[in-house]
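**Q** Below, each chain spelled out in residue letters.
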Amino acid sequence: MADSWLSKFPKMDRADLLEIRKSLDGAFRDFSREYGDEIESFFSPLLDFLIWFEKLLVQSPWWAVLIVITAMVYLASRSWKLSLGVVVSFLLIGYFGMWEDTMRTLSIITVCTLLAIILGVPIGIFMARSDRTQSAVTPILDVMQTMPAFVYLIPVVMLLGIGKVPGVIAVVIYAIPPVIRLTNLGIRLVDKEVLEAATAYGANKMQRLLGVQLPLAAPTIMAGINQTIMMALGMVVIASMIGVKGLGQPVLKSITNQYFTLGLFNGLAIVALAIIFDRASQAYAKRSQKHLQDGHNV
Amino acid sequence: MSNEVKIEPLIEIKDLYKVFGKKPASVMPMVREGLSKDDILAQTGHTVGLKAINLDVYKGEIFVIMGLSGSGKSTLIRHFNRLIDPTEGQILVEGTDVMKLNTKELETFRRKKMAMVFQRFGLMPHRNVQDNVAYGLSVQGVDKATRVDKANKWLETVGLAGYEKQYPSQLSGGQQQRVGLARALCTDAEILLMDEAFSALDPLIRSEMQDQLVELQKELNKTIIFITHDLDEALRIGDRIAILKDGDLIQLGEPVDILLNPADDYVEAFVKDVNRARALTVDTVMKPPAYRLTAETIGEALKEMRQNSADYAYYMTEEGFQGVVCEKALESAAEDNAAAPMDEFKVEEMSVLSPDAPLESIIPATMKSDFPMPVVDDDGDLQGLLSREDLAEVLSDFYKDEKDEVVTESKTD
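Going down the list, the sequences are from chains A and B. Just so it is clear: in the first sequence, position 60 is 60 by full-length UniProt numbering, and no numbers are missing. Just so it is clear: in the second sequence, position 362 is 362 by full-length UniProt numbering, and no numbers are missing.
In case anyone wonders, no lab produced these hints; they're calculated from the structure. Don't take every hint at face value.
Stated by the list, open to error - In the DSS-like style, the derived pairs of lysine-lysine whose C-alpha atoms are separated by at most 27 angstroms in a straight line are: (1) Lys192/A with Lys100/B; (2) Lys22/B with Lys192/A; (3) Lys37/B with Lys205/A.
Just so it is clear, the structure is predicted and the values come from calculations on it, not from any experiment.
So that you can see chain A by itself, here it is in the shape it has in the complex (with noise of 0.2 angstroms):
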């Protein structure tokens, strides 16, 4: 009487359960095994630019590398008080000893947001042409922001093992879905007389993605951008996990080990990053939107 169905939740038999359990794993790592060394030889190339560009931040002397990261900044936002900042808050993190590990967390960054707008626009804009690819695409997005992070190193590290590039793929999973998201949001909402008009004066799609659709949705997409970059900031402690090197890695041992100021430090690192590649990228998109505000200066 105790194990009716109505007391007691008519649960898959334990053996079936495990079935499902082993098959799946054992197909997976087939696939791993069979794939794995194609996999890996394909993101290579990828692998050998994020050495390369981490040596090219860490080995180089730190005062061309500040001088470098200032000079940019000031180019993208004209702003000498953001820059003031970004010589402050880069000196505070090399005096406190954190000088290599953000350079690392700063290369990563750079490439996943890198990627994820090399591959995030084009869907978007695919996103945009179509109602249809837009339902396909949505739910997958959905699920990308929602799954917990360590779902998907599971896989992405029993195929590429620990390291940088399986770093940067669950980084850039979990960045992505803003840029889509917002590039194919921006383009929807462009002017339907705007691009009528460069419609009926005989533009082809061509013309008409890249000169009206792309400049008018910019401001939406510099946006999903930015929002790319912060979520990827904050993956950083979580591809740690999976031996990416940075400022997560501190961060990750001040937990086991409750090392509460180290923790602090890096944690304020990884901070003082987030707002300068916000601020940089906000001053920006800002900048070079400049005649969308209205104003009546004649």
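Following the hints, position chain B against chain A.
**A** Just chain B now, kept in the frame of chain A:
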């Protein structure tokens, strides 16, 4: 217009239907049967945009398509350059079936043949005024120097020289639409499609733009298809006007036809509010001249007049209209010397009306005059007469109502 009948139309729309919905073709039999728009919407969920539209547009005319919102006028204009594809029907431009063009040919057709001006301007906010005007050329791949040259030239024509580097958001509505107009002119396309081009502008700017368009048209002799919901605007700039209602073409004609012979109650309701004194010109209401006096001597003139049993006449020579001649004055002159040439007779001079003057401007003169006012064209020819009774008839609605009453009375009898 009458001598243009033989000319081939530049654009022909033949039996055009447009149905919006998931399966437009399936609804076509019902549309052809003549079911109403509402019935079809209720039964099938499809919206009938246009039905059985047939019209020709001739080179060099301003063809106005008029209707209220939902009448299908914006849908119709988008068929000319195939921004919308018809469900059924043909669109011929200079004999070429636009429906048969492939993507590449259609792009070339849009680049070369037609240019469009939009209600809300459709300017690109991220390009400055100069680049906006040159947009059509940049799509065609014209080099930068030529583009800048042409753009500046057209900006000057529409009165926006000096604004080249401004962005659209920095201009007023009227200025933005001038940019839109310059953009359309810049491609040298011979057909201009103007979709409610002036509707978003305030009244003063609107009439200014209308004048500018008519002025430009005199110089450039484009073919302009102009959409509007404003009959005053239609009458003011249109050479011919097509009136749409619920996707039907209910009347097509010259402004005078529409004003004086509205096809049905719908058009009549429109026409009622129009200021006729402003919309009509003298030549549309004048009567043909009954009688011209051309005699050479006073005696002959008197004879001619008596034959026609008139007590006054308009005297014409080879140099044109001279003035009005009264029978009594002529009689007393004839008593003196009937054989004297007309040159010696003092013709009573009289101010004349120009045939293309709006009625508004001639009301005082016509009302003061005891004789019908002579209408004389630039060459001095007497074209017609305008009496104050005729003028009053045209301007008053009373006359119309009276006529309607007569008709109904005779029916009841």
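**Q** Hints first: check each against the structure and report whether it holds.
**A** Tested hints:
1. At most 27 angstroms may separate the alpha-carbon atoms for a hinted pair to count; Lys192/A and Lys100/B meet this at roughly 26 angstroms.
2. Pair hint Lys22/B plus Lys192/A holds up; C-alpha atoms about 21 angstroms apart against a cutoff of 27 angstroms.
3. Distance hint between Lys37/B and Lys205/A is unfulfilled; the C-alpha atoms sit about 35 angstroms from each other, more than 27 angstroms.
The structure does not agree with numbered hint 3 stated previously, though it agrees with all others.
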